[in-house]
Every structure is written in C-alpha cells, then in structure tokens.
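Participant: Residues per chain, in single letters:
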Amino acid sequence: SQTIHQWPATLVQPVGSPLSLECTVEGTSNPNLYWYRQAAGRGLQLLFYSVGIGQISSEVPQNLSASRPQDRQFILSSKKLLLSDSGFYLCAWSFTLYSGSADTQYFGPGTRLTVL
Amino acid sequence: RKEVEQDPGPFNVPEGATVAFNCTYSNSASQSFFWYRQDCRKEPKLLMSVYSSGNEDGRFTAQLNRASQYISLLIRDSKLSDSATYLCVVNSGAGSYQLTFGKGTKLSVIP
Numbered sequence: 001s002q003t004i005h006q007w008p009a010t011l012v013q014p015v016g017s018p019l020s021l022e023c024t025v026e027g028t029s030n031p032n033l034y035w036y037r038q039a040a041g042r043g044l045q046l047l048f049y050s051v052g053i054g055q056i057s058s059e060v061p062q063n064l065s066a067s068r069p070q071d072r073q074f075i076l077s078s079k080k081l082l083l084s085d086s087g088f089y090l091c092a093w094s095f096t097l098y099s100g101s102a103d104t105q106y107f108g109p110g111t112r113l114t115v116l
Numbered sequence: 117r118k119e120v121e122q123d124p125g126p127f128n129v130p131e132g133a134t135v136a137f138n139c140t141y142s143n144s145a146s147q148s149f150f151w152y153r154q155d156c157r158k159e160p161k162l163l164m165s166v167y168s169s170g171n172e173d174g175r176f177t178a179q180l181n182r183a184s185q186y187i188s189l190l191i192r193d194s195k196l197s198d199s200a201t202y203l204c205v206v207n208s209g210a211g212s213y214q215l216t217f218g219k220g221t222k223l224s225v226i227p
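Going down the list, the sequences are from chains C and Z. At position 73 of the first sequence the residue is numbered 73 (the working numbering), and the sequence of numbers has no breaks. Remember, the working numbering sits 116 above the position in the second sequence when you count from 1.
Wrong hints could be hidden among the right ones.
[What the hints assert, rightly or not] Computed list of lysine to aspartate or glutamate pairs in DMTMM-like fashion (alpha-carbon distance at most 20 Å, straight line): (1) K219/Z / D85/C; (2) K195/Z / E131/Z; (3) K158/Z / E22/C; (4) K158/Z / D85/C; (5) K161/Z / D103/C; (6) K161/Z / D71/C; (7) K219/Z / E59/C; (8) K195/Z / E172/Z; (9) K80/C / E22/C.
Since the hints were derived computationally from the structure, they do not count as laboratory data.
All chains, please: the whole structure from these sequences, using the hints.
Facilitator: So, in structure tokens, the structure goes:
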C-alpha cells in the first residue's frame with residue numbers, strides 16, 4: 001500500500017526566514033505530486049504540481065518554489081517568508097490515468113506553518 | 117462565479133438524522149467528481165468518488181447531475197463521528213491533472 005509523509009508537522013518561522021518542507025511517497029512509482037495551501041477558513045489552493053522528476057508546474061505566482069529531485073520526493077521552498085505565507089501546507093499524490101486526467105488525490109498529514 | 121460552490125453551513129443535526137449536502141460546479145468539462153471529509157486541523161481524506169449513475173457506500177449516497185452541474189451527498193443515520201467538513205471536488209477536465217476543491221460544508225452531529 002502507498003503512504004505519504006510530510007515533515008515537519010508544525011513550524012513557526014520569523015518573517016524573512018527561509019523555508020523547506022519535504023514530502024515523500026512510498027509504495028508507488030512515478031506518482032503525480034501536488035502542493036496545496038489552506039489558509040484559515042479558506043479552501044485548498046493548488047500551489048504546484050509535478051508529473052515527473054524535475055517537472056514542476058506553478059499555479060500561483062508567489063515567493064514559493066517547488067522541486068522534485070527524486071521520483072517520490074517533493075520539496076516546497078521559500079527564500080524569504082512573508083506573513084501571508086502562514087497556513088496549512090498539504091502534499092498529495094495521485095496515479096496518472098492514461099487519459100492524463102486527474103485521479104483521486106491522497107493527502108499527507110500536512111505542515112502547519114506560522115510566520116511571525 | 118466560483119468554480120465549486122458549497123453551502124458552508126454549519127449543519128447541526130441530531131444523531132440518527134439524515135442530512136444532505138449540495139454542490140455546484142462551473143466547468144462543464146469536468147469528468148471526475150469526489151467527496152472528501154476533513155476533520156479539524158487534519159488533512160482531507162477521500163470519502164467517495166461520485167459516478168454518473170450514483171453510488172452508495174454504507175450510509176453515504178452520492179449523486180451526480182451533469183446537466184445541472186450538481187453533486188449531492190446524503191448521509192443517513194448520522195453518527196457523532198460524522199462531524200467534519202465535507203469537501204466537494206471536481207477535476208478540470210480531460211487531460212488535466214488538477215482538482216478544484218470547494219470550501220466545504222461543516223457538519224456537526226449532536227448527541
């Protein structure tokens with residue numbers, strides 16, 4: 001069976017500091033990978049997705065970036081955090097349908113980030 | 117128009133009650149539909165996929181009306197453990213890797 005891990009679970013960072021959140025998936029190969037953010041009282045916002053190593057698509061222009069150095073590893077980074085970066089960051093994975101359409105996504109436990 | 121729209125609630129229902137949630141979506145090209153549940157401060161978890169013919173999983177029944185671009189979720193015999201936020205989710209159409217999430221409907225089942 002597949003499992004997805006995220007760390008850290010919680011993080012408190014000062015404004016202007018860097019960020020690195022990591023996500024890994026076990027039990028499958030070549031998954032699609034996704035980063036979402038959920039701000040307090042708001043819906044999930046897709047930030048990045050990746051269909052393969054080194055392939056990153058950005059949905060929202062901002063001071064965040066993503067990388068996929070290995071097949072089952074997805075990293076979310078920032079050089080300088082803003083107050084508005086606070087939120088619940090969720091990594092997800094899915095299989096790829098032959099049609100290329102989105103399949104069911106499975107979420108990691110998330111990282112709760114507070115920027116002070 | 118919001119892409120996926122849900123009544124935010126909260127729906128406060130007694131144990132054993134039947135409750136229905138509705139959702140509308142704006143993208144007529146959407147092909148995959150899901151209901152997720154999200155407990156407070158936790159990640160969303162898949163509750164069920166929604167098929168054109170409608171589908172049932174125990175106390176949960178999902179319906180899809182493509183013509184009206186409308187999805188529903190019915191929960192029968194509500195349990196305290198059903199208390200959560202229910203997210204309506206649709207994909208962005210053929211060839212798209214993206215899912216669009218509604219903001220969710222909050223359900224509280226009361227003893």
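Participant: Each hint should be assessed against the structure and marked as holding or not.
Facilitator: Tested hints:
As the CA atoms of K219/Z and D85/C are separated by approximately 19 Å, the hinted pair is consistent with the 20 Å bound. The hinted pair formed by K195/Z and E131/Z meets the criterion: a straight-line CA distance of about 5 Å does not exceed 20 Å. Restraint check for K158/Z and E22/C: the C-alpha separation of about 17 Å stays at or below 20 Å, so the hint holds. Proximity of K158/Z to D85/C is assessed by CA-CA distance (about 19 Å); at most 20 Å being required, the pair is judged to hold.
Among the hinted pairs, K161/Z with D103/C is consistent with the structure: their alpha-carbon atoms are about 14 Å apart, no more than 20 Å. For a cut-off of 20 Å, the pair hint linking K161/Z to D71/C is broken: about 23 Å separates their Cα positions. Our distance criterion of 20 Å between C-alpha atoms is met by K219/Z and E59/C, whose separation comes to about 18 Å. Straight-line distance between C-alpha atoms of K195/Z and E172/Z comes to about 17 Å, which keeps the hinted pair within the 20 Å bound.
A threshold of 20 Å between alpha carbons decides the hint, and for K80/C with E22/C the separation of about 17 Å falls inside it, so the pair holds.
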